[in-house]
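S.K.: In order, the protein sequences belong to chains A and B. So that you can map any letter, position 178 of the first sequence is 178 in our numbering, and since no number is skipped, the others follow by simple counting. So that you can map any letter, position 367 of the second sequence is 367 in our numbering, and since no number is skipped, the others follow by simple counting.
The set of hints was computed from the structure by calculation and includes no laboratory data. Heads up, a few of these hints could be off.
[Said to hold, decoys possible] EDC-like cross-link-like pairs, simulated, lysine to aspartate or glutamate; straight-line CA separation at most 20 angstroms:
#: 1; chain 1: B; residue 1: K206; chain 2: A; residue 2: E187
#: 2; chain 1: A; residue 1: K113; chain 2: B; residue 2: D175
#: 3; chain 1: B; residue 1: K241; chain 2: B; residue 2: D175
#: 4; chain 1: B; residue 1: K136; chain 2: A; residue 2: D117
#: 5; chain 1: A; residue 1: K113; chain 2: B; residue 2: E44
#: 6; chain 1: A; residue 1: K13; chain 2: A; residue 2: D37
#: 7; chain 1: A; residue 1: K111; chain 2: B; residue 2: E44
#: 8; chain 1: B; residue 1: K190; chain 2: A; residue 2: E115
#: 9; chain 1: B; residue 1: K190; chain 2: A; residue 2: D201
#: 10; chain 1: A; residue 1: K184; chain 2: B; residue 2: E44
#: 11; chain 1: B; residue 1: K52; chain 2: B; residue 2: D175
Because the structure is a prediction, the values reported are computed rather than measured.
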Amino acid sequence: MVDVKRIVCSFCKAEYTVPTTIVYATCPYCGTTFRLDKPDATVEHYMFSALLDKNSAYRYLKEFALMQIGIAEDFEVNASFESSYQYLIPLYLYEINVKTLCSKGKESIDKDKVEIDIHGGEETAYIVTPATKNIPIAIPSNYSFPARGRRYFKPTVLKEGTYVQPTLDPNQMFEYVKQPYLHKAIEEARISCGESYEVNDNSRYVGIAHYPFWLINYRYRDRRYKSIVDAADGTVLYLEYPMSYGKRLQGLIGGLGVSGIAIAIASVISLIALSAPIPGLIGGLMTSLPGLGVALQKFLRSVGIYRYKVREELVFAPVR
Amino acid sequence: MSTSEVEFRCRNCGGPLEVSPETIAIVCSYCGFLNWIREDLKEEVLVVKPLKDKDVLDRLRGFASRERLGEIFSPSNLSRTTVVLVPIYFVDVSAGAEYSGTVAVDIRKCRSVGNQTRCWVETRRVHVRGVYGPAKDVVPVPGRRGSNVLSVKALAYRYMMNRVDAVPLANAELDKSIWRNVLSIEVDRKIALDIAIDSHLDVLRKTIEDVMRKEAERKVSGGSIIRSRIIWKKITPRNVKAASSPPILLPMHILMYRYRGEVYRAVVCGWNGDVIVLERPMKKIDRIIWSIAASLSSGLCGGLAIPMIIAGDEIGLGIGLILIIAGGYASWYCMKKVVSPVKSSLIGVNLKELKKYSESSSANEVHKIIKFVDSMLSTPRF
């Protein structure tokens, strides 16, 4: 049972209850967001628009599923949409801009050019982090929440999805996320000019943004499967899909074949080196086990699982 | 109401503009007029005019025919096509550096004593100093957050290699179907300069560290060099100069084809139709090649490992264990490739060159930070 307390909206004066653990509250009546400990402080609250409705998201996940190896042959025909839920996940946004200038250096900065006599260090980045530990859907730990076009928060979205409250202290998070950049810039300055540098920190906390995700359930032959899709641009983060028995068996036979050939090669080498094939057989078995494990794992699963991979985004991603 | 929200309208036709808080400039999707949200940052924006869709598809088909994929990339299989114009700054950066430091160089020396040869490792400390550069480079910086993907960088490198004409956006007379696909500019020149200098100096520092190690190794004689490591260093970038182009809109087509129930994707350079990234399902021949690699690598390692272990000495045991681990890893890696659904290839661009700027890119840093933050969040993650 979560502890709650009654609060009064700083804009429309409506009363409502919120968990005691949250940092910000968004009024369900007028959409105003404010900090519970500083109700009069200005809060920049944004959102990333859900450009995909549930049908488009389902279409994206179907197309993506068709790219997975071993998927059931009749997936496209026999898969059907069952239900969907939209989650609005809170994020904190930060701009990092740290410069460590060597004391003796001269700097000349124009609108379109920069000249620096002696350079210390500098780091520039745009950081997005989850604003709560209590995220109801599994999101990849290295997801960059890309989306195109952040907008000011509109209370109408509260009706469209499950709104997750931010619970972490943004100032504490700010210090955590800034640390590695500050440390690197200082390190660069120390390497450049020893201890005679000054830190110029123009980093800032931009605000909170809510990011939409679809949790989609679909059915294939009386079994339910789950998927998580980025509602802002259609990236599939998680996908369960039915595997074809025939293709799984092919994969296992292939894996056994590969291991068999590896063991045979190892045995021949051992026969040449030691005039005995058994040591090589043991060696070949040991080295081919991990590969066989991959094939066996694929075979034993009747449900395939895809999890988002960063390296795929880095090469091939819709431009946002 | 949450915070103040101003509705932005096009200065030319009055149509609504999709503006976000970081938007600096945006092309109206109704009339194609470039609206500056931040008037203080107003400047000329250039564009490389995109080819017509039909010409792009024809060029892709030509490429596909040469790669024996012609049947797949035919117009009847086209499932989806998108063209976007990505704003990119090209920043000329130049920097030299003074360096000094101490490098520890490990060398192996051997001496014959009677019938035996005795070898040992000696460490020499070498002091190095000098001046490097100036090192000059052109660093492409996307004018948007979240566009730090390799396909965009590859597009920028294509432009730098080809140097096609870019014309002022006002004179370009873009087709109206493209207006809504011009990505808004979110990064101003000053930030682009900062990003470019940061990237260039990171690369410069790594280069100078290599120079210091090599210089120290050259100064050492009387044995064979095993390795060298920097004990302390001072690298002071000097005369850092950076100047940026105005934002240049580069067109990029993203196409999806469906053939026999499988999906193929291509990212195509928007001004000449050259393929930049091609993604296709793994072919049978690819899987067979990876399977052969798995068999050979694990078979060779497994076959050599046991004789080494049986040889009896410590070195043999060590090498044997390493071979077992290496063979196991190779078979796991190759089998993962066998069961991988797709194969992505970057075409015509040196990946090493691209990665040079990816290493200090904000995309990778976001991932590092999220991992760092994750360690204290203990959120259910995968």
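S.K.: With reference to the structure, classify each hint as holding or not holding.
M.R.: A quick look at each hint next to the structure:
With a C-alpha separation of about 14 angstroms, the suggested pairing of K206/B with E187/A holds against the 20 angstroms cut-off. A threshold of 20 angstroms between alpha carbons decides the hint, and for K113/A with D175/B the separation of about 33 angstroms lies outside it, so the pair is violated. In summary, the hint linking K241/B to D175/B is not supported, as the alpha carbons are separated by about 38 angstroms, beyond the 20 angstroms threshold. A distance of roughly 16 angstroms separates the Cα atoms of K136/B and D117/A; the hinted pair therefore holds under the 20 angstroms criterion.
For the hint pairing K113/A with E44/B, the CA-to-CA distance comes to about 16 angstroms; that is within 20 angstroms, so the pair holds. About 16 angstroms separates the Cα atoms of K13/A and D37/A, which keeps this hinted pair within 20 angstroms; it holds. At most 20 angstroms may separate the alpha-carbon atoms for a hinted pair to count; K111/A and E44/B meet this at roughly 13 angstroms. Between K190/B and E115/A, the direct Cα distance comes to roughly 12 angstroms. Compliance with the 20 angstroms bound is thereby established for this hinted pair.
A distance of roughly 16 angstroms separates the Cα atoms of K190/B and D201/A; the hinted pair therefore holds under the 20 angstroms criterion. Distance hint between K184/A and E44/B is unfulfilled; the C-alpha atoms sit about 35 angstroms from each other, more than 20 angstroms. With a CA separation close to 9 angstroms, the supplied pair K52/B and D175/B stays within the 20 angstroms bound.
Against the hints set out earlier in the document, violations occur for numbers 2, 3 and 10.
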